[in-house]
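Asker: Each chain, written out:
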Amino acid sequence: MMRRFLSFRDFDWPLLGVVLLLCVISVGEIYSATLNTKFTGFHTKQIFWILGGIVAMFIFSRINYHRLLDLVPWFYGFSLIALVAVKLGGTKVLGARRWIKIGPMHFQPSEWVKLVLILAVARYFANLGGRRLTWGDILKAFLLVGLPLILVLIQPDMGTALIYTPILIGGLLLGGISIRQSLILAVTGFVLIFGIWNSGKILKPYQKDRLTSFINPDDDPRGKGYHVIQSKIAVGSGGIWGKGIAKGTQTQGNFLPIPHADFIFAAFSEEHGFVGALFILLLYFLILMRLIQNAQTAADLSGSLIIMGVVAVVTFQILVNVGMVIGFMPVTGIPLPLMSYGGSSVLFTFLALGVVMNVRMRRFVN
Amino acid sequence: MQSDRMDREAKLSPIRLTAVQYGILVMMLVLAGGLWRLQVLGADSYRLLAEQNRIRKVPVLAPRGKLFDRDGNILVDNYPSVSCFLIRDQGRNIEADLPMIAHGLNVDVEQLRAALRHYKYAPGYQPIPIKQDITADEQAFIEAHRFELPELLTIDEERRLYPRDGFASALIGYVGEISEEDLNNPRYAAYEPGDVVGKAGIEETYDELLRGEDGSRDVIVDSHGREVGYLRTQHAKPGQDLKLTIDNDLQKAAELALGDRNGAIVAMDPRNGEILALVSRPSFDPNAFSVRINRADWNKLITDPDHPLMNKAIQAQLAPGSTFKILMSVAGLQEGVAQNMHVYCSGGADFYGHYYHCDEHHGAVDIHNAIPMSCDTFYYTLADKLGIDRIAKYAQAFGYGQKTGIDLPGEQPGVMPSQQWAAKYYHRKWYAGETISVGIGQGAVEATPLQLARIIGGIASGGHMVRPHTVFANEMTPDFHKALEQNYPGVGETNVPIDQDNWMTITDGMAEVTQPGLYHTAGSAHLDGIDFAGKTGTAQVVGHDTLSKMAKTHATNPNVWFVGVTPCRNPELVVAVLWQNGGFSYYPARIGAQVVEAYVEKKRRQEGNLPAAKTTAAVDVGAVWTVPGTKGKSEHVEAGHFFVGGGQIFAAKAPAKPEKPAQPVSPKLPIPVSAQLGIAIPWLGSEEKLVQP
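Each protein sequence line maps, in turn, to chains A and B. Throughout, the numbering used here is defined as the position within the first sequence, counted from one, plus 42. Throughout, the numbering used here is defined as the position within the second sequence, counted from one, plus 31.
Worth flagging that the hints you see were computed from the coordinates, not collected in a lab. Keep in mind that this is a model prediction, so the values were computed, not measured. By construction, the Cβ of each residue, glycine as well, lies at the ideal position given by its N, Cα and C atoms. Among the clues, some could well be false.
[As the list claims (entries may be wrong)] Calculated pairs, DSBU-like style, for lysine-lysine (alpha carbon to alpha carbon, straight line, at most 30 Å):
no.: 1; chain 1: B; residue 1: K151; chain 2: B; residue 2: K88
no.: 2; chain 1: A; residue 1: K250; chain 2: B; residue 2: K513
no.: 3; chain 1: B; residue 1: K88; chain 2: B; residue 2: K274
no.: 4; chain 1: B; residue 1: K151; chain 2: A; residue 2: K87
no.: 5; chain 1: B; residue 1: K88; chain 2: B; residue 2: K42
no.: 6; chain 1: B; residue 1: K42; chain 2: B; residue 2: K97
no.: 7; chain 1: B; residue 1: K513; chain 2: B; residue 2: K230
no.: 8; chain 1: B; residue 1: K416; chain 2: B; residue 2: K434
no.: 9; chain 1: B; residue 1: K460; chain 2: B; residue 2: K434
no.: 10; chain 1: B; residue 1: K88; chain 2: A; residue 2: K289
no.: 11; chain 1: B; residue 1: K42; chain 2: A; residue 2: K182
no.: 12; chain 1: B; residue 1: K274; chain 2: B; residue 2: K513
no.: 13; chain 1: B; residue 1: K268; chain 2: B; residue 2: K434
no.: 14; chain 1: B; residue 1: K455; chain 2: B; residue 2: K97
no.: 15; chain 1: B; residue 1: K97; chain 2: A; residue 2: K289
[Said to hold, decoys possible] Here chain A is said to cover these stretches of chain B; the calculated rule only asks that three of the stretch's residues, wherever they fall, bring their Cβ under 8 Å from a Cβ of chain A:
no.: 16; region: 45 to 59
no.: 17; region: 554 to 562
For reference, chain A alone in the conformation it holds in the complex:
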């Protein structure tokens, strides 16, 4: 009676096309940015991550997302255990425990938790069926996201923890929060953040410094503000047309910090100018609009909410990363999806796309 109609004809090929175009640009820029560094050759690694990601995406697109939603409590439980495990026995890199080593694989649970949280929030609000939210509903949603968020925050990995917040905010806004409730929450949040900032206990001084240095980077040009200044000089000196591939003096002279990962947008903007940077933004805009369109046409509320969770995360990462590069946002170490080098980030993006594809392919399945 229920016709299982899943065809790759319904796969979102235009979306995949734009995504792959971004990946190609990313590999090219990683190659250019690492030419004179000890990271030379990372672009080939990135190619392997992307190929792996594509395979993972196709596999995930075959899995019924309802099945995933049914399993969410298990995923969620395992995520919490993994986050606790990483805090207790993870590998320490640069003063923070974020990685867990299983055999030869380094595994950063906080990345995968993003996907789990997207599914968990989608399931939660879909089960509420789109009715007006009570304060109890809102509190439960906060707990759902807040628990893993705090575990990541104490790793400490403030950047990734921040990415979880748009999942919650997106879920609340689309899940049926009233305008009055959201205003009350916004004011409370503001007061809370103000309080945390001044208590001097929760945030470490270096985290505070990193968060504020973008406002007055010239106070300490070789210290905390260094990254921001160098990044702005890289972007600005690119001009309209850019300096050309592998010709960015900021990128090639190692002035730009980690030009293949967090600051890849600065490296690209220096070498390809305003035109190139705008082109990248346009590609992201196309991807996001296409995703929202898929959310509109999804067969049910849970499918829409999953896609919008992905939209929330990707949008937030673009805002924070590009904002950081041009000096609008603090330096938080959040990668630019599909552009920054990094296996966990690439795999997350493609897995999320796989789920999105499944939602799309099932849009006519009743």
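Once you have looked at the hints, place chain B on chain A.
Answerer: Relative to chain A, chain B alone:
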């Protein structure tokens, strides 16, 4: 599925979705606006900044701490020097400039490439060193080519200035660029490639104190590499100066006394373990290391069969020969065996079916004359009566076979054999015959000069044994001192009780050694008016039987030892002398005597107590030696007379006037420091071969 059915009717609010779309559009426009502001409106100013954005981190190198002797005389200083660095973040094709740089700096292109490879992974803004200690001409070259070669940078630094000709080099050590290997060592976790680090001796042990902390300066340069200003300077923290326990005057005397003989001297205050002088030969010139040493010179140093880089005072492990008899005497007397032992020496004795030689026919020997005559037959018998276990027990208690714990790297423990030792390392039984050889410090017994100084100095001090050290403890924090004792483990300070009577017997015997007398082994080292005692040692490098079959060469000459103390009881100074393949043990005794005399004279001078110029009641010594063949003259034997006294040894072919020292007979004898003491020991020249009697 319940949830499916429930939410199927519900849909996302289209208004809110549209709001999200507009929100994203606004975000994109804001970001695009930011890019427009930077890349279009700000392009020119940012391009200028990028041009000027040559904040170059230039190291400000910390001067290393200086080393002073115990009287405050400077031993190791620094001198200003200029080094050339290469900057890589200028976007220039450095490879193309290399030949020109190589030409101007008088280096190999390959050497420059190697440096570039070596620092491949260093941050781009960090200049890399390509030539140290450049000459004025090379500096002029860099100045003159500022525009063609903007990547070259000169940095002022302080370099190590060591005493000339390897004076105290075994003790001081040297510095050099940190090696790949060291960088992986946890001790050097805070060091970076290119750092200068102590590689041997005091420089290595006390590197953490001496090195200080480098600072840095952020220099703004234009696109031509010219400095246009400073942003920030973090001053260097100079290294700590160290006051060594070394006495420069005594060190000088010891260096001169040993000359260029292959061996070592250690002089120590046995009351507290302060090392007063330490010499090892052959030596090396550490100044050659403070700038990068060239490969040929390095290879020469490490392949030299006489091991110039070895600190023989703490690393040469050799049979102690008859110096071991002092320990034997302690063991024999403390065990109540030696007191009533009477032996008739007829030039040797039979033990376990083997004949053991003695040097002379000493006749009737007891413990009182066994020490000065160094009668082997007596000690063979004593060893046989004591047995190896009792000997080993005493030897280990006094520190044979264990490191002393001196604060110098690479100390060796020596070997003290025992039944356990034979079982553990050779999986065999101990042979009774071996005990006989051990009795005269042969067989498997091995000791370093420092060990002998500590042990014999300790025995002469009534069993108070010290931890030797080269830097005063108050020069460092208690924590550093504690860590030092852990990192340089050894027996350290111990007390081994010796009965008063036995102590008197042994010290009296040692005092007799340096008195003229029949069969006394170091009568010729006698010092008039100085309470000076000691013990000689001769250790065969090949066995008696083998020696009789093979041709005698320099290499078959026995290693000779002397350990002297002054005064003879509770001494203030103990000096151990080793001369490898030296031949006769009264030679090192004379060398030791010079050090002792220099010490006593300095002390008396300081106390305003120096006796009037001595009428040289010198000991008249006869000697026979061969002179190597020279042009028109074949190898021949010569004989002569010499005077030993007044801290000097004079040749006296014809009976010479002692007031007028003869000129050195051997003009080839290299004198390491300016010959202040005017010593000439003709028959000890390195090229002369001694005739075995």
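Asker: Between K151/B and K88/B, is the straight-line Cα distance small enough, at 30 Å or below?
Answerer: holds (17 Å)
Asker: Quickly compare the C-alpha distance for K274/B and K513/B to 30 Å and report which way the hint goes.
Answerer: holds (18 Å)
Asker: Need the status of pair K88/B, K289/A: alpha-carbon distance at most 30 Å?
Answerer: holds (22 Å)
Asker: Holds or violated: K513/B and K230/B, Cα atoms, limit 30 Å.
Answerer: Holds: K513/B and K230/B sit about 21 Å apart, inside 30 Å.
Asker: Between K416/B and K434/B, is the straight-line Cα distance small enough, at 30 Å or below?
Answerer: Holds, at about 28 Å.
Asker: Quick check: the region 45 to 59 of chain B, covered by chain A? Criterion 3+ residues, Cβ under 8 Å.
Answerer: holds (count 9)
Asker: For the pair supplied as a hint, K42/B and K182/A, is the alpha-carbon distance within the 30 Å limit?
Answerer: Judged against 30 Å, a Cα distance of about 22 Å means the pair holds.
Asker: Hint check: K97/B vs K289/A, CA-CA at most 30 Å. Holds or violated?
Answerer: violated (48 Å)
Asker: Is the Cα-Cα distance between K88/B and K274/B 30 Å or less?
Answerer: violated (34 Å)
Asker: Does K250/A pair with K513/B here, judged by a C-alpha cut-off of 30 Å?
Answerer: Violated, because 40 Å separates the two Cα atoms, which is more than 30 Å.
Asker: Need the status of pair K455/B, K97/B: alpha-carbon distance at most 30 Å?
Answerer: Distance of about 46 Å is beyond 30 Å: violated.
Asker: For a C-alpha distance cap of 30 Å, please report whether K88/B and K42/B respect it.
Answerer: violated (60 Å)
Violated hints, in rising order: 2, 3, 5, 6, 13, 14, 15, 17; the structure is consistent with all others.
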